[in-house]
Structures are given as C-alpha cells and as structure tokens.
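Participant: Let chain A serve as the given structure and place chain B on it in line with the hints.
Chains A and B, in that order, are what the protein sequence lines are. FYI, our numbering numbers position 70 of the first sequence as 70, with every residue one higher than the one before it. FYI, our numbering numbers position 94 of the second sequence as 94, with every residue one higher than the one before it.
Since the hints were derived computationally from the structure, they do not count as laboratory data. There are no misleading hints in this set.
Each computed PhoX-like pair below joins lysine-lysine, with the alpha-carbon atoms no more than 25 Å apart:
| hint | chain 1 | residue 1 | chain 2 | residue 2 |
| --- | --- | --- | --- | --- |
| 1 | A | Lys185 | A | Lys199 |
| 2 | B | Lys80 | A | Lys135 |
| 3 | A | Lys14 | B | Lys156 |
What follows is each chain in one-letter form.
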Amino acid sequence: MKSLTVISENLTKKYSGKTIFAELNFNLSYGQSAVIVGRNGSGKSTLMKIVSGLISPTAGRMRFLRDDNELDREFVRTSMGFVSPYLNLYDELTALENLRFFSGLKSGKDNSDDEKLKSHLQFVGLYERRNDEVKAYSSGMKQKLKIAFSLLNEPELLLLDEPRSNLDRDGISIIEKIAEGQKEKGVLIIATNDEDDLKLCEMKINIEEHKK
Amino acid sequence: MKNFLRNVRIIFLKDVRSELRTRYVINSLLMFVLVTISIIRFAIGDEKIEDEILTGLLWISIFFSASGGLARTFVKEEEKETSSALKLSASPTEIFVGKLFFNLVLTFILNFLILILFILITEYNIKNPLLFISVLSLGNIGLVAASTIIAAIISKANSKGTLYPVLSFPVLLPLLLTVINATKLASAGINSAEIMGEIRILVSYTVVVITVSVMLFPFVWED
Numbered sequence: 001m002k003s004l005t006v007i008s009e010n011l012t013k014k015y016s017g018k019t020i021f022a023e024l025n026f027n028l029s030y031g032q033s034a035v036i037v038g039r040n041g042s043g044k045s046t047l048m049k050i051v052s053g054l055i056s057p058t059a060g061r062m063r064f065l066r067d068d069n070e071l072d073r074e075f076v077r078t079s080m081g082f083v084s085p086y087l088n089l090y091d092e093l094t095a096l097e098n099l100r101f102f103s104g105l106k107s108g109k110d111n112s113d114d115e116k117l118k119s120h121l122q123f124v125g126l127y128e129r130r131n132d133e134v135k136a137y138s139s140g141m142k143q144k145l146k147i148a149f150s151l152l153n154e155p156e157l158l159l160l161d162e163p164r165s166n167l168d169r170d171g172i173s174i175i176e177k178i179a180e181g182q183k184e185k186g187v188l189i190i191a192t193n194d195e196d197d198l199k200l201c202e203m204k205i206n207i208e209e210h211k212k
Numbered sequence: 001m002k003n004f005l006r007n008v009r010i011i012f013l014k015d016v017r018s019e020l021r022t023r024y025v026i027n028s029l030l031m032f033v034l035v036t037i038s039i040i041r042f043a044i045g046d047e048k049i050e051d052e053i054l055t056g057l058l059w060i061s062i063f064f065s066a067s068g069g070l071a072r073t074f075v076k077e078e079e080k081e082t083s084s085a086l087k088l089s090a091s092p093t094e095i096f097v098g099k100l101f102f103n104l105v106l107t108f109i110l111n112f113l114i115l116i117l118f119i120l121i122t123e124y125n126i127k128n129p130l131l132f133i134s135v136l137s138l139g140n141i142g143l144v145a146a147s148t149i150i151a152a153i154i155s156k157a158n159s160k161g162t163l164y165p166v167l168s169f170p171v172l173l174p175l176l177l178t179v180i181n182a183t184k185l186a187s188a189g190i191n192s193a194e195i196m197g198e199i200r201i202l203v204s205y206t207v208v209v210i211t212v213s214v215m216l217f218p219f220v221w222e223d
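Just chain A, same shape as in the assembly:
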C-alpha cells in the first residue's frame, strides 16, 4: 500500500490549437504532496482533470504505479478522491443518500457502511443535516459534502481543486486536517492560488512555467 507513485510524463494540453501547458513532468511518491499554482485560466483545473482521468491530455500521459506495477483506471475509481468546482453531487438526493450511492459504486460491497458514512458527515459538520436534500444546502455546505465525497474509501491519491471555496473557518480547518492526514496515507495534490494552501505542500508546480 505504501508504494504509490504518481507520474506525469510530458503532459501537454491544447484547446482549439492553443497550448494550455506543454511537457509538464512531475513525480510524486507516497507521503509527498504538491501544490499547482498559476493565474486564473492558466490550466490548473485542466491539469487536475487530466490527473483524475476525467479528460485526456493532447500528448503525454499520467501513470500510477504500485510496487513498479502499472495501475489501471480501476485505481482511479476505487482509490482516488477529488474535490473540484466542476464536480457536483445530486441536488435531489440527501447528503447521506449521495454518499451511499457513490460509496456503493466505489466499494464493491453490497451494503454501504452507514456508520462510516455518518462519521464522514460528522467530520465535515453535516451530520445534523444528513437527511436534507442537497438543494437546500448553502454553497459552503455543498463544498463540505464534496469533501466528504472525496474521502470515501480512504483515497490513496487526493486531489483538491480550490478546496477553500465558499468555506467558513471550520471548513478551512477541515481542509488543513485532511491535507496533513493525507500525507500519511498517500499522495496529495492541491490546485490553488491561496497563500495558506502553499504551506500545506512541499512541492510547487507553477503551471505558468510550462507554457510554450
């Protein structure tokens, strides 16, 4: 379990002929963390989507290794957590139903472990509102639910894209706790422009330096 390595090999992304970033390389091993920085529109979220497998790079590739063995897409589905402004959960379901649904898909188990899901909701401060439909949530509460979603199945790779968006002080301290904890459980990547997030990671990837 402790040997996960995340490798970006010459990642290039172009949209309509315009290069967003080119030949971007990094290598993160178990216990390491990186923060991706760059101006608005520089391609931070695009890079995060590529790392998560949501979109494909124009050139290059992402590799996930464990004990030098290549991991497939199944790894992403079962062992990766992702918080992103472009990733929403179902408004018409309650917080608990959302987590049950995604946990059921990811875990491969017939019955979801409700106690564990409730402990995630307790951790992000949504336990009291667990049976409310998400459409009744504020944007900060929705962000907290996304954080709970990202923690399903104790991810080895955690991707946080603008994690502090809409969060109050309690929410921000949750992010800091998660970031510190993740360094002991696997690999952490944060895309942000927030100065406080820079302190959470040891490696810095400036996307502006990878434009051609």
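Facilitator: Quick look at chain B alone, frame taken from chain A:
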C-alpha cells in the same frame, strides 16, 4: 460480473429515486402524451379511421413522447455537472446499462399509458393482442437502445435540444419502418409465422445497437 450487475442496479435505483423526486422527465412526458392524444382525438372527430393509419399515429405518439424524455438522460448529468462524480465512481459500461434499464422502464410505463389512451379514443382494433404486445415491446427496446446512445452523444454538444431529432431519425428509420409494418400486421390479426421476418429484423437491430452502443459509449462518455 457480480460487481457489474450490482453497480448497474445502484445506478438504476438512483435514477428512479431522482426521477420520483424531481419529476424532471415524467411530468413533461405525461403532458406531451395527453396533448398528443387529445390532438389525435380532435383531428379524428367522429370519422372512422382505418387501423393501418391508426398504427402510424400510434407510433408517431410513441416516437415523439419517447424522444422528449429519453434525450434528457445524459443531458441532465452534464447540465447539473454531476457527470464527473459519476465518471469517477463507475465504469462507462455500468453507467450506460444502468441508464438503459431506467429508460426501458420509463418507456414501457409511458407506452402502456399511450396504448390504453389510444385504444380508448380511437377504437383501435387489435386482433392478435399477444403478437401486437410482443412487436410493440421489441420496437420499444430498439427505440430505447438507440435513443440512449444518441442521448449520450448530444449531451456533449452545444445545441442539445435540436440535435436529437437530427441524429435519431436516420438511426431509427430502419427500426420505425419495420416496427410500424409489424404492428400493422399484428393488429390485423396475422399469425406470428407471417411476420417472423420483421421480428428477426427487430431483434437483430436491437442486438446490434446495444452491442455498438456498449463499445462506443466509453469514447462518448470520457472526453
């Protein structure tokens, strides 16, 4: 295989629960069915219409009602930006088959309602009910299979609303021609041996469309 079926069931049940809560598709489809059937009723008046023409009208109602609802399957996931969470949690095949089952159930309920209303207002005479229901069911499965993959394709496009009829017409034309003819013959009381050719075409069409859809869907679903 067990995991696959389990995830298909989870996605199907989630869609049912979402639909019952939001009535995103059901309400618009019910209104569409009522309006269509009412227009047919007003247009017919007291005239006695031949069953051949009524079969055509029945399939026009089914096709447009289904297209209104089925086209929304994946559009809703894209518009509400829930598709990313789904992509990160289940395989494309599980998602496609889960949505296909949901669409099948929705369409069967809808078409049952259309058929009942249609018989009530038009005095549509079905002489071989068992064969008629079999043909209608086969046609529905083909219609849903093709519509589901087309819905996935249009969910990635900018002009979602207008694209469905444009894309679906050429794909569904062979199915519609065959199923209208088979329905016409079944309602006329012909025995099953005489429309075996049409039934074979309907089964083949459905098998081909589902197979191609399962192969094509990962490329459509994942950017």
